[in-house]
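Chain by chain, the residues run as shown.
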Amino acid sequence: MTRFILRRLVFFVLTLFITSVLVFALTRILPGDVARVLLGREASPEAVQAKREELGLDKPLAVQYVNWAGDFITGDWGTTYSTPREDIRDLVIQRASNSARLAALTLLIAVPLSITLGVIAGLSEGRFADGAISILTLSVVSLPEFVTGLFLINTVALGWGDNPIADRLGWFPASSAIRADASFSEALPAMWLPAVAATLVLLAYIVRLVRAGVIEELKKGYVRTAVLKGLPYRVVVVKHVLRNALIPTVTVIATSTGWLISGMVVIESVFSYPGLGRLLINNAIDNRDLPLIQAIVMLTVAVILIANFTADLLYALLNPRIRLE
Amino acid sequence: MAQHSDPVLHVDNLSISYKVGRRWIPAVRDFQLEVCPGQIYGVVGESGSGKSTAAAGIMRYLPANGRIEPGSRVAFLGEDLAPKSRRAMERIWGAQMGLVPQDPGGALNPSIRVGEQVAEILRRHTTLDRAAARERTVEMFRRVQLADPDALLTRYPHELSGGMQQRVLIAMSLATSPRLLLLDEPTTALDVTTEAIILDLVRNLIAAEGAGAIYVTHNLGVVAQLCERVVVLYAGEIMEDATVAELFAAPRHPYTIGLLNSIPRLGQTKRDAALQAIAGRPPSLAELPRGCVYAPRCPLAIEICRTKPPLEAPAEGRLVRCHRWQEIARGEVSLREQAQAGIEDAAPVTGDREELLEVTDLTKHFPVQRGLRNILRGEHPAPVRAVDGVNLGVQKGRTLGLVGESGSGKTTLARVIIGLTDRTGGEIELMGIDVPGTVRDRDKSTLAQLQMVFQNPQNSLNPYLTVGQALRRPLIKLAKVAPDAVDAEIRRLLTEVNLRPEYADRYPGELSGGEKQRVAIARAFASNPALILCDEPVSSLDVSVQAAVLNLLARLQAEHDTSYLFISHDLAVVGYLADYLVVMYLGVIYEVGYGSDLFRPPYHPYTEALVSAIPRPNPDAHSARVRLSGDIPSPRDIPTGCRFHTRCPHKVGAICEQEEPPWRDDGSGHFIRCHRELWDLAERQQATRIEEED
Chain A
1 MTRFILRRLV
11 FFVLTLFITS
21 VLVFALTRIL
31 PGDVARVLLG
41 REASPEAVQA
51 KREELGLDKP
61 LAVQYVNWAG
71 DFITGDWGTT
81 YSTPREDIRD
91 LVIQRASNSA
101 RLAALTLLIA
111 VPLSITLGVI
121 AGLSEGRFAD
131 GAISILTLSV
141 VSLPEFVTGL
151 FLINTVALGW
161 GDNPIADRLG
171 WFPASSAIRA
181 DASFSEALPA
191 MWLPAVAATL
201 VLLAYIVRLV
211 RAGVIEELKK
221 GYVRTAVLKG
231 LPYRVVVVKH
241 VLRNALIPTV
251 TVIATSTGWL
261 ISGMVVIESV
271 FSYPGLGRLL
281 INNAIDNRDL
291 PLIQAIVMLT
301 VAVILIANFT
311 ADLLYALLNP
321 RIRLE
Chain B
1001 MAQHSDPVLH
1011 VDNLSISYKV
1021 GRRWIPAVRD
1031 FQLEVCPGQI
1041 YGVVGESGSG
1051 KSTAAAGIMR
1061 YLPANGRIEP
1071 GSRVAFLGED
1081 LAPKSRRAME
1091 RIWGAQMGLV
1101 PQDPGGALNP
1111 SIRVGEQVAE
1121 ILRRHTTLDR
1131 AAARERTVEM
1141 FRRVQLADPD
1151 ALLTRYPHEL
1161 SGGMQQRVLI
1171 AMSLATSPRL
1181 LLLDEPTTAL
1191 DVTTEAIILD
1201 LVRNLIAAEG
1211 AGAIYVTHNL
1221 GVVAQLCERV
1231 VVLYAGEIME
1241 DATVAELFAA
1251 PRHPYTIGLL
1261 NSIPRLGQTK
1271 RDAALQAIAG
1281 RPPSLAELPR
1291 GCVYAPRCPL
1301 AIEICRTKPP
1311 LEAPAEGRLV
1321 RCHRWQEIAR
1331 GEVSLREQAQ
1341 AGIEDAAPVT
1351 GDREELLEVT
1361 DLTKHFPVQR
1371 GLRNILRGEH
1381 PAPVRAVDGV
1391 NLGVQKGRTL
1401 GLVGESGSGK
1411 TTLARVIIGL
1421 TDRTGGEIEL
1431 MGIDVPGTVR
1441 DRDKSTLAQL
1451 QMVFQNPQNS
1461 LNPYLTVGQA
1471 LRRPLIKLAK
1481 VAPDAVDAEI
1491 RRLLTEVNLR
1501 PEYADRYPGE
1511 LSGGEKQRVA
1521 IARAFASNPA
1531 LILCDEPVSS
1541 LDVSVQAAVL
1551 NLLARLQAEH
1561 DTSYLFISHD
1571 LAVVGYLADY
1581 LVVMYLGVIY
1591 EVGYGSDLFR
1601 PPYHPYTEAL
1611 VSAIPRPNPD
1621 AHSARVRLSG
1631 DIPSPRDIPT
1641 GCRFHTRCPH
1651 KVGAICEQEE
1661 PPWRDDGSGH
1671 FIRCHRELWD
1681 LAERQQATRI
1691 EEED
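Chains as they are written, first to last, in my numbering: chain A, 1 to 325; chain B, 1001 to 1694.
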């Protein structure tokens, strides 16, 4: 087991290193002189040169990389190019924690719901409930997020807006544009709809996976053994079948956390939610803010790698056949 | 004590159908059976005979597309099970009725500790609390002779060997002291040595518990050794029902007679007589013959057999479904006259022939990946020594039989010789010419000379090629047959393996298992090879089909002067076909001799254990019980000295643990590698002598 974890850790560090080189190279390969971009077209050659020296752009690439990576690791992520020049680290971490909140809420809704639906579908393979669940989830997943997002805004937020309970709670606002530094309880009402939209994206995948897992496990010999022990069907399913059927599901859920934190660009845009995805699109890419892009990409890579690492670990923990090797 | 002898189970008129497409296929018709306490009732049949379906019907546990027909009666402890709800059955299953399934690996939940898997059935059906259930589990593990039962509680199924898994399942099914135990081919997936131990265990436990038991199997040998009564099923119907003694001594149904004749007996060789195969194949349940279901294959079928024979009772406690049972009983008709003589080339193997294949010091070690700990300590983990210095020779036109348990390295040896796996060391010479490592390095003529027939024809034939296409390739590539002559050659090959030439256009999916294996044999013979490696070629086939394939192999060998290296776990089969015999244990050969040496001492102690473990199809043959303790050691950690010393019943002492045993030779070409002298072994092994059976 330790060997397994160590191997994964080495892999983790290596991947992070390679991506950091790629991210660094990307910003250097792009056309245009950073110093000139910063100072504007009118700046004198001397000023540009001075700026280049200030930024260390005159040094060899390897030195530049080591400096950049060193700063990044020690927590100095620089400031944004665009004004007002904010500290990138504070900005990114604040947005990332917003994203993490939304991801957590999404998982809280999506996981129990999709597992329940998947198990029902799997147990009733080929019958009505199976067909209904499959058709429903598949038709939802075929819609792009901006469609489901806009649909939710139109029906729930605008259509139910006058609902006294929703009013009282302040739930389901049409726009989720909250203050970036809002506390969790302040942010919660505005997070429901984006979380539901994200759930709809994940739902079909997890349901299909759980369904397939349940159907496959039900065919196994140990299920017959369990039934013929006289165990109630509920115990057979929950204790014997699910333990094995959910192993692949757990790892997929862990992996999808990476996407939930860093990849919900569309949903965040539709609902104007201040997460990491919107920061990347609106602030970093639109303004060609290279240090900000670098920071977000590096963080994203780290999150996805950690999610995959966790998935591997969970898989090994849940599966005694791997755990003991 | 009249109450004691009341039957546990009384089945009457049980019919079960499966819905396939829109039709209901009758899988079992009119099944009946009565099991008394302490009695083991054998249910025998080939695949498709409905034996497992009948067992499932008795347990009221059918797949979703199965149904028990109205009118069926399954009375368990005097109560009819038919009207019982699922909930009511849940109180019977596990408590009063237990199942020991066929595939022990799949029947245990891979992610739950085995202790819990046994304990949960106790908590469900008894008032035992957690600690008491645990205690009872340990006690059950002890009763099924599992070593270190306390430590076993926390193990996962994959950490146990097949035999241990099956013992856990037996412990599980007996934990609640059920009144009826159903055993569905519980030893089919196990080695013969393990099988023998499990059968002993089942016999003793059933006797001790006084439960009734139904033992479903295809193996008549197991029935003879274990059961009191037996019912023979064919195509879903009872053919015959009798006590085991009566059935084996005086079978009344032509199918039973055919089955008994088709099994090679220990001591029988291809030179004595051809095996009496049953022609044809079992009917499809969807298109059953109108009269007697067995009539299309029955050599005694006459006009009246086109009408359905009733199930008659020739004597008290006997049933038979045949129009001609009286004639058979009086000896007026016999199947014996159909018996063919043995292979004409019946020259005894006295004269040695030239060596065709010579294997010298062959080794195959599989390296084990170095872990981090090994690298840090600079260690190299011990490799898996699958084949560890093997010398053997195969003579022209002869069969060398290779036997051993799984894990003995026999399949690896075959794969190295055929070139599917690279070797670690040693030499292989074919007709005096060195054969390079893998198929990749061998030239066409070597490939043509060396062919192989695999265990499972399901996997060894490409499902997308017709039989003709499968045969065409070796004919063109290896036998260099001219393109315009290929079709004629394909027809000739098919005729040789007793298939009609039309089979050339069929796909493997349209063939039965026996027919597929015939195609595989035809393919092996296509390049007119000098040597064919047969790796368990009949072990996936039904008994009645097995005999025909063995006869075919013997005939083709005589006609083409081909050599075989024949690997099998079934000693009777090897004894029947092999001229010479090699016994392998943990990658090394421990005995070399003639095929017939299998039947009389001295043997190597390991061979003796293999021979005495065979469940022989003769209820009177109470072979001496030589049972091996424990499982075969890991080939990563091979015992020092004689590799067999950890399990040997005739161990001398420290010398066996320290020194490699010497080869001992009786002067006639029979070699045994043992620290004991041959006369010593022979004396100790008198009890295992196989008396001549007919």
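Don't read these hints as lab results, they were simulated from the structure.
Hints should not be assumed to be uniformly reliable.
[What the hints assert, rightly or not] Computed Cβ-Cβ distance ranges for the label pairs, DEER-style:
{"#": "1", "chain 1": "A", "residue 1": "Ala132", "chain 2": "B", "residue 2": "Ser1047", "range": "34 to 42 Å"}
{"#": "2", "chain 1": "A", "residue 1": "Gly70", "chain 2": "B", "residue 2": "Pro1436", "range": "54 to 62 Å"}
{"#": "3", "chain 1": "A", "residue 1": "Phe4", "chain 2": "B", "residue 2": "Arg1087", "range": "39 to 47 Å"}
{"#": "4", "chain 1": "A", "residue 1": "Ser124", "chain 2": "B", "residue 2": "Ser1634", "range": "41 to 49 Å"}
{"#": "5", "chain 1": "A", "residue 1": "Gln94", "chain 2": "B", "residue 2": "Asp1129", "range": "35 to 43 Å"}
{"#": "6", "chain 1": "A", "residue 1": "Ser124", "chain 2": "B", "residue 2": "Arg1130", "range": "42 to 50 Å"}
[To be verified] Here are the simulated BS3-like cross-link-like pairs (lysine-lysine), alpha carbons at most 25 Å apart as the crow flies:
{"#": "7", "chain 1": "A", "residue 1": "Lys220", "chain 2": "B", "residue 2": "Lys1019"}
{"#": "8", "chain 1": "B", "residue 1": "Lys1396", "chain 2": "B", "residue 2": "Lys1444"}
{"#": "9", "chain 1": "A", "residue 1": "Lys219", "chain 2": "B", "residue 2": "Lys1444"}
Beta carbons: idealized from backbone N, C-alpha and C, even for Gly.
Taking the hints in turn, this is what the structure says about them:
no.: 1; hint: A/Ala132 with B/Ser1047: 34 to 42 Å; result: holds, 39 Å
no.: 2; hint: A/Gly70 with B/Pro1436: 54 to 62 Å; result: holds, 56 Å
no.: 3; hint: A/Phe4 with B/Arg1087: 39 to 47 Å; result: holds, 44 Å
no.: 4; hint: A/Ser124 with B/Ser1634: 41 to 49 Å; result: holds, 45 Å
no.: 5; hint: A/Gln94 with B/Asp1129: 35 to 43 Å; result: violated, 54 Å
no.: 6; hint: A/Ser124 with B/Arg1130: 42 to 50 Å; result: violated, 34 Å
no.: 7; hint: A/Lys220 with B/Lys1019; result: holds, 21 Å
no.: 8; hint: B/Lys1396 with B/Lys1444; result: holds, 20 Å
no.: 9; hint: A/Lys219 with B/Lys1444; result: violated, 45 Å
Of the numbered hints stated above, those contradicted by the structure are hints 5, 6, 9, listed in ascending order.
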